[in-house]
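Listed below, chain by chain, are the residues.
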Amino acid sequence: MEVKAKEISTIIKKELEKYQLETNFEEVGEIIQVGDGIAHVYGLENVMANELVEFPHGVFGMALNLEDDNVGCVLFGSEKNLKEGDVVKRTGKIMQVPVGEALTGRVVNPLGQPLDGKGPIKTDHYSPIERKAPGVVARQPVKEPLQTGIKAIDSMIPIGRGQRELIIGDRQIGKTTIAIDAILNQKGQGVHCIYVAIGQKGSTIRKVVKTLEDHGAMEYTTVVMSNANDPAPFTYIAPYSGAAMGEYYRDNGMHALVIYDDLSKHAWAYRQVSLLLRRPPGREAYPGDIFYLHSRLLERAAKLSDELGGGSLTALPIVETQAGDFSAYIPTNVISITDGQIYLEPNLFYGGVRPAINVGLSVSRVGGNAQIKAMKQVAGKLRLELAQYRELEAFSKFSSELDKSTQAQLTRGERMVEILKQNQNETLLVEKQIAFIFLGTQGFLDEIPVGEIRRLEAEYYQFLEAKYPQILTTIAEKKAMDDELQAELKSAAQEFISVFAV
Amino acid sequence: MIITSTAKKYAHALYDIAQKRKQAEQMLAELDSFSAAMEKDADLRNLLVMPNSKEKMQLLEDALKKLFSDLFVEFALLLVDNNRIKLLPQICDEFHSHYDFMHSRVRATVITAVPLTSEVEAKLKSQLEKQFHAELRIDNVVDPSIMGGFVVKVNGQVLDASVLGKFKKLKIYLTQN
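Protein sequences appear in the order of chains P and R.
Just so you know, the first sequence maps onto residues 23 to 524 in this note's numbering.
Just so you know, the second sequence maps onto residues -17 to 159 in this note's numbering.
Bound conformation, chain P alone (with noise of 0.2 Å):
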């Protein structure tokens, strides 16, 4: 390639003609101590909390610790090229990053800077990290459903817009999953995601994001991520930065859900910044307001009243327990602020049964009143029957010298659990988990072998698309099962029934 000089100097001019120096007061102090991501600073009298500093080399940072002759300040950025007695400026600005459509299909960092190589974002629209939960008048109890596309909770622990619901288990059982099955769900649903990677590997990212765009997902996702070799300020801030981007959505009217995963992570780095300021460690080292941390980020979850455009921003937060100690002190505090949990065991998960989810533990605290109504219909019994086999599965060894009705619950509880199992990436619509739970608690599989129940979902919904659809575009615009239609759902799965080839 050729390179012409004079190309070259007529770009570099008209970049000066248009370059204008403005020259004003500036606030500065200097260095006086910098190492492990932190910079104590002397000077910034009146420097805010939170406010963005910006330290030499375009390196910028946030203003933490307001002492009374230095201010702790975290970096994000390398602290390599900084020295003692740097010159440090206020920006007058308190840490906020960009939000709004602009982001939708992203991956940036923290700060909002992109990483995906698509150009700079374009957007107006700014906001703080840290916000204020809307108050008590701002809100209205959760209504509408949120729909994750997983049969386990979608008919046992509803998730409703603008609730809480923690995800929890043991490493590796798939709280991700979960999580990106609840994003794919919600295409053309109207709902925008965001799912902040807080501290997460670099592959384990990548491919939650390949997988998002394998499936079409990113058309309305944004992806936050901070990798587990940013700097620990950068872990810290993410997930506000994620629900900073969310409220925008929430605050317009419209609907958003973000996952914040996972924030046993954001705890870890939360104390590492506390305690390099020197803040006074409490139990397990995390400091005083580790609580707060969390309660903070998660009441910015919120479904609004109609008056503010009944927007929402659901929160998935996930945890990871370390052998299942789910009385731990991170997993307490998450799972008492939120409206309910996802409790993942590994037990289930190697006895095949995926997602593992453990019905007993798990809660939905407020989903119920989102739930749709013929959803309630057909699950209701599910959770019992459920219940009443779990107690019931220690005797299934001796099946054959237990009495007929035992006998009976044990093999609808073997079939109710194979009904709840799904694979991965594979979201179903609602109205035909309806349909196929229905199958279940009216007893029509108590006569199928367990190992065909899978093969039989597929070749069920097959059948009802082909032959019967007007059965789930009814369930599906009315929401609710009147005489008639159950009548229908009866004749159409008894004729299935009567033809499945087992």
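It should be emphasised that the hints constitute simulated quantities derived from the structure, not laboratory data.
We treat Cβ as the ideally placed atom computed from N, Cα and C, and that holds for glycine.
Be careful, since some hints might not be right.
[Stated by the list, open to error] Every beta carbon over 12 Å from chain R, so not counted as near; a handful from chain P, in silico:
1. Arg112
2. Ser327
3. Asp328
4. Ala350
5. Tyr351
6. Val521
[Stated by the list, open to error] With the Cβ distance kept under 10 Å, some of the chain P side facing chain R (calculated, not the full set):
7. Glu37
8. Tyr64
9. Gly196
Place chain R on chain P using the hints.
Quick look at chain R alone, frame taken from chain P:
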């Protein structure tokens, strides 16, 4: 200079007492001369920081009494007794700025590549006085590395109108856009 909160407390306390006894101006001069002496004379520094004893205090008291006012001698002995004498340069600085603040005076440091002419200095002074609504004193520091223009530092605020600063801003503008 970085001024710790301990130095601030000593300086403010000294100012309060000096103001009551109407000796504040005198204190300024005495602090200046003593901290200058400390900076110059290594022997004096060593004597001041060595472990305290009755003899040392007596010696100091006798020596200082001949040169300084009673208030300053008491203050200096207190600092030595509390092992805080190392803070004296800081206390001196803080005393100055506190004195200026109480008398609504501002000290401005002006960095230039060549020494300021009195004409320019007067112009700059009147302009800055308008901006800060206070009586202004200018300390001129010459630093050829800024190439031209000037840098004004007032109360932790900086106005960078130097050629070097402009180049730096231009570099950021050209590389970031």
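Here is how each hint holds up against the structure:
no. : hint   : verdict
1   : Arg112 : violated (9 Å)
2   : Ser327 : holds (43 Å)
3   : Asp328 : holds (44 Å)
4   : Ala350 : holds (39 Å)
5   : Tyr351 : holds (34 Å)
6   : Val521 : holds (69 Å)
7   : Glu37  : holds (6 Å)
8   : Tyr64  : holds (5 Å)
9   : Gly196 : violated (43 Å)
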